[in-house]
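Trainee: Chains as they are written, first to last, in UniProt numbering: chain A, 1 to 348; chain B, 1 to 375.
Among the clues, some could well be false.
[Stated by the list, open to error] Under the rule of at most 27 Å between Cα atoms (straight-line distance), these lysine-lysine pairs were calculated in the DSS-like manner:
{"#": "1", "chain 1": "A", "residue 1": "148", "chain 2": "B", "residue 2": "15"}
{"#": "2", "chain 1": "A", "residue 1": "148", "chain 2": "B", "residue 2": "107"}
{"#": "3", "chain 1": "B", "residue 1": "138", "chain 2": "A", "residue 2": "327"}
[Claimed, not checked] A few chain B residues that face chain A, going by a derived Cβ cut-off under 7 Å, partial list only:
{"#": "4", "residue": "8"}
{"#": "5", "residue": "55"}
{"#": "6", "residue": "58"}
{"#": "7", "residue": "98"}
Hints were generated in silico from the structure; no laboratory data involved.
On a predicted model such as this, the values are computed, not experimentally measured, just so you know.
Where is the CB? At the ideal position from N, CA and C, for every residue including glycine.
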Amino acid sequence: MSKRRRILKASTITMAHGAGGKAMRDLIEDVFVGTFDNEDLNKLEDQARFDLSALQALGGQLAFTTDSYVVDPVEFPGGDIGTLAINGTVNDLAVSGAIPKYLSCGMILEEGLEVDLLRRIVRSMRKAADEAGVLIVTGDTKVVPRGKGDKIFINTTGIGVIPEGIKISAANCKPGDKIIVNGFVGDHGAAILNARGDLALEVELKTDCQPLHELVQAMLVVCPELHAMRDASRGGVATVLNEFAEASEVAIRLEEASIPVRNEVRGVCEILGLDALYFANEGKLVAVVPGDQAETVLQVMLSHPAGQHSAIIGEVIEGYAGRVLVKTGFGGERIMDMLVGEQLPRIC
Amino acid sequence: MKFVDEFRDPEMAKKILERIHRLADEISPAQEKPLQIMEVCGGHTHSIFRYGLEELLPEKIELVHGPGCPVCVLPMGRVDDCVAIAEQPDVIFTTFGDAMRVPGSKKSLQQASAEDCDVRMVYSPMDALEIARQNRDKKVVFFGLGFETTMPSTALTVKQAEKEGIENFYLFSNHITIIPTIKAILDSPDMYIDGFLGPGHVSMVIGQAPYEFISTQYHRPLVISGFEPLDILQSLLMLLEQLKAGEARIENQYKRIVPEGGNLNALTAVSDVFELREFFEWRGLGSIDHSGVRIRKEYSRFDAELAFAIPNLKIADPKSCQCGEVLKGVIKPWQCKLFGKQCNPETPMGALMVSTEGACSAYYSYGKIETKNIA
């Protein structure tokens, strides 16, 4: 006979919800376990336990990653901090070629947080986890006094399995390789900037938050020797490419005109003097593939829902090791360096 | 994008560039010293680097990146003043984003923010006024910065605060004015500029007439230019055509935005609220007469300089810093002893390395490979 689950009646998070007593049990059982609801989590043990043989059947290497999510505002067009926390960690696994399997969820809640908002975020996490085919199997909750946090911080840790023969690494880029992105860059960063409401711009911008593991697996079917891949989250495409150039000791040249950027995002960048290539993305990857296979990989990406606007945006070249160059529409060339700190809007 | 892509057409750029190359050859076939063209405005500097225009130009044309980035000409002492205001109790200090990282003698506003000062980034002075409306128990100070481009919006904000009777809003005016600055450059003995790309946004406010002295007294041409790559190239072509003909006139390439007589409403708001200071200190250029503005008596209750204790100290730039010579075009950024070594975007010594419109930052971030390798 299954035990009756506890119900959370409070409308606001208080310090009691982090104190380890009944209030905390109400929160965990109702909001988290009640929503994530899977066999491993429902046992309410201190740890999740896995059958190794089932994982081993998928591949030879375990991929393991963690990330923490803080964002203002916590809800924005196209998603919320919950969808970020799931897809972000799923994508960190996916770009290694791994098939994501299990996630943990650590929550730091600020006293005064509305329970309704928390429920919406947790439901988003469940929905995103279902779409990504992962289970949230363990978690942790802490409450900090009002003013000591910003509504909600989430940490997710993920485990996935890398199939045999996949060896993706930032250090693998070779001259002649092509650089591919899976669609419009900068949507998430621009959407968050706009959602803060400081700009009073009348543009419709949505986050691009989406899981990438299926797209990656489809790419690996036609190109198992794919050289390097990263999701272009904080720091954007520019940062990922600089990391590749540095790790592989090669130069990368981008063709500015071939980089897909939405008109709305370009508009935000024009007004503020910012560069979309440094904006965060939550559903975009940058792949470095052998030149002779680039067209095949691109076609596979274009036919996948997560890669409809994919494009080859540049190539790995000899010389100038560690540098990323951008060829402008006029044939001029400039360096695209790592960003120092955050991008700041220009005065005029 | 409408009204943007038209000014980034590569084919059109190619045609203009061909004419620029031809004209440059015709003007100075045997001249050893290249033609020096100064773009006064930081917005132009940014576009020139962003689109890689400099390397497309003939070697006979040397672009000199002038003093038109208001953040870059901010002396260290002024940043110290901002920090001193921000450190006072119950103050919310508001500023444009790119002023956050400019180093003071001890810290930047960004560092002050990390050390418990309430420093907030705003996109316009009206945002600062809104913060004042929402925080009546605090003193909200706006760091007024920029040339005639940003001056009208600050003036209108002060007038709005007056109209609404808002008592907790203050302006720390560091606004500067362009004409005395260009004059100071022209009077500088250690430089030689053949012509100017005039600032587009400033001219939108002041119009064309205030530049006339450049042609009549100094016999140099100036072309008011827009900020898109084709604007800049076309303006350069117009300058070269004048130079070839031996003329020195003030022309307006940016007619779609800049009216010949300027913007009367904006100018009225500015003269209502501000008056010229006798002198104002610029980073690297020293004190320039009548180059800054302060709040008039009629609006003095909004004047942060009267409401707060401000140290107002003159802090000398580090001795080896050569910002001034770079600003005047005497040396290129990478010829400065500190460029790319002690002074880089992570640890800027001079403000020219801080703002993306600063010549040093632009060279460092967008510069040619060869330039970076020298560093």
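Trainee: Now tell me if each hint is right for this structure.
Mentor: So, going through the hints one by one against the coordinates:
1. A:148 x B:15: 60 Å, violated
2. A:148 x B:107: Holds, at roughly 25 Å.
3. B:138 x A:327: 49 Å, violated
4. 8: With a closest approach of 6 Å, the residue 8 (chain B) hint holds.
5. 55: 6 Å, holds
6. 58: Hint on residue 58 (chain B): violated, closest Cβ of chain A at ~14 Å, above 7 Å.
7. 98: 5 Å, holds
Checked against the numbered hints above, the structure breaks hints 1, 3 and 6 and satisfies the rest.
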